[in-house]
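Produce the complete structure using the sequences and hints provided.
Residue-level listing of the chains:
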Amino acid sequence: MDKCLICGREIKVALDLKWLFSLQPFKEPVICHNCEKNFKAISDKQTCPGCGRLQDDQLPCKDCQRWSKMGEAALLGNRALYVYNEAMKSYMQRYKFNGDYQWRLIFQDKFSQFVTKSYCKNVLYVLIPVDQITYKTRGFNQVSGLLQNVKVSNLLAFKTTKAHIKQSTKTRQARMETAQPFKYCGKKRLTGQKVILIDDIYTTGRTLYHAKHVLQQNGASQVRSLTLAR
Amino acid sequence: MELNELYGRLLLDTEVPADLKKELIKNSRPALIQHENYIECQRCLSKTLKNKARLPNGAYYCPKCILLGRVASNNKLYHLPEKNLFSSLECSPLVWQGKLSLFQQQCSDQLRKAVDRSGEYLMWAVTGAGKTEMLFPTLEKVLLQRKRVCLASPRVDVCNELYPRICTAFTAIDPVLLHGHSKKSYHYSQLTICTTHQLLRFLGAFDLLIIDEVDAFPFTNNEMLKQAARRALKPNGTLIFLTATPTQELLGKIERHQLAASYLPLRFHRHLLPVPQVWFCGRWQDKMYCQKLPVKLKSELNRWIDEGFPFLVFVSRLELLAPVLRVLEANLPAKAKGDSVFSADPKRINKVQEMRDHKLNYLVTTTILERGVTFPSLNVMVLGADEKTFSTTALVQIAGRAGRSQKRPNGDVIFVCTDQVKNVRKAVKQIRELNKKGKRLLNG
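Just so you know, the sequences run in chain order H and W.
Its first residue numbered 1, the first sequence is counted upward by one per residue in full-length UniProt numbering.
Its first residue numbered 1, the second sequence is counted upward by one per residue in full-length UniProt numbering.
Think of the hints as simulated: they come from the structure by calculation, not from any bench.
One or more of the hints may lead you astray.
[Unchecked claim] Here are the simulated EDC-like cross-link-like pairs (lysine to aspartate or glutamate), alpha carbons at most 20 Å apart as the crow flies:
1) H/Lys89 with W/Asp345
2) W/Lys347 with H/Asp56
3) H/Lys3 with W/Glu223
4) H/Lys12 with W/Asp386
5) H/Lys12 with W/Glu223
6) H/Lys3 with W/Glu307
7) H/Lys37 with W/Glu319
Structure representation (structure tokens):
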């Protein structure tokens, strides 16, 4: 029997009727039930329509109202799978910053399903890229590690090859003042194409809105986003 | 960073500043070796299948020791041989004024002799025997010989507790404390106190390495840490294990005369260990589901509360904590206050302190409190002692929580079981045998 990737204890698997009737092959879990409990899933009903944050009503939250005031005609309509809580924070620390690539398996299935089932088929999936120097030291793109069997188009790239300062190390204000880091690197112009941006975390939305602007300048008709955590 | 911070260490290039790296390029070695279908990490020496270690950019990484910083195939490890460049001590660094008891003294003398030889040595002293104090004369001797010493333990709590005690006993030495949550930076010191994981960052550094609580998680059954301990030691160094409950592996080595050992089967207060009572109570779990406590257990717990002694209730799994606490609260008199603790509990230290201050009468706990904690005049109950989580060593340690004070040198220890199992029988047998040895010692 395999051990839980997070706590290292043996995983006890109970085969239930739900699995039996699903007629799916058995998939061995990579984390135990106890660790899974710490991640809080976001249900669709009570989220902010702009950023996908879990809240009590269905109105745009304050951050999203601010985006509207700053001149965004359409909000991103972000949808996230999990709340960004302590457990998710330490997950990101281990997966992204320590670079434990195995940990992608913890959410790979669920996030891939979430991505493919969220929108109909005639959309382009675009990942937020990782700059070259980070890619060299980290060895992987944390977003594409979370996806399996999802066809993505590489339409975004960093303007400079220099390492940029990571969003996660900045204060909120510094994040919001970040200049456009992306350029369009697709071969053709997107004519009226719908695009879904995929990222790991939505914090202030700055990165995703920058990406949205680049794509819209190059012809995308609608840009929305999906993230693992909000 | 100074050059001496690399003596006897094995550091990843991300831990070494750029100017030193240039200078020491000859002293570096690849951090990962690739074999046909597996990779071998040169820091933790563990092997991983390539398909589990592959990164999308074609490199490989070691997932086993990643918490100390990731080792990938493009990394290098830096090492300088240990030179023992310590200022020589003119007088003894030991300022501790206490006195060892006769039996402690005997044990301590054996240990002092053991460090003259290289190889492994075990000191088996029962729970509450005063192991740390018995180490002092040995440490004094080795420090005077300008040798480098390390005190390691698998448990952070043990390290954190050892550090101030060592600091006050050896004021002339500035020991360094290393563990994952420590904010202090490394400095080259003759005396290192660290968790066993930190030993992965040492290579041929220590003349004497003492590992306290060798049988504790994560050191036991962890080949990676065992290799790290052997490698952190100089080839002719001495490795000393301290424990109250040796594992089967260590006991086997003693029997085959592969490991020299000294025993101390008596506690410092010269009383025998409390022998656990094994109670068979087949349906305790079913009763608990119905919010009831078996009559026998209830009357015993009530007696403990009436006598005013605090007690610990051990359960095998995290999920049992809340339901057991609820049942106890419902069935015991309201004046008795209780709580539950587990390893990741943010209030763990607070709750243990409240228990010490007699604000709480009992704690429901996982095995996290099995060792390293002392509450005077304690009683202990283990619910489901026959579960797999409770190994023989864990049970002996748990029983060792009782009767640790001079005032009340005995206490009740009750193992509640559904089935006869080897672990429980062995634990009781081990305690009886230790008591037999202790009695012999007492009677001269």
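Hints versus structure:
1. Of the pairs offered as hints, the one joining H/Lys89 and W/Asp345 holds, with about 17 Å between alpha carbons and a cut-off of 20 Å not exceeded.
2. Only pairs whose Cα atoms come within 20 Å are accepted, and W/Lys347 paired with H/Asp56 is rejected, the gap being roughly 30 Å.
3. Among the hinted pairs, H/Lys3 with W/Glu223 is consistent with the structure: their alpha-carbon atoms are about 17 Å apart, no more than 20 Å.
4. This hinted pair checks out: H/Lys12 and W/Asp386 have alpha carbons roughly 18 Å apart, not beyond 20 Å.
5. Between the alpha carbons of H/Lys12 and W/Glu223 the distance comes to roughly 24 Å, so the proposed pair goes past 20 Å and is violated.
6. A hinted pair counts as satisfied when its Cα atoms are at most 20 Å apart, and H/Lys3 with W/Glu307 does not qualify at roughly 44 Å.
7. For the suggested pair H/Lys37 and W/Glu319, the alpha carbons sit about 12 Å apart, so the restraint of at most 20 Å is met.
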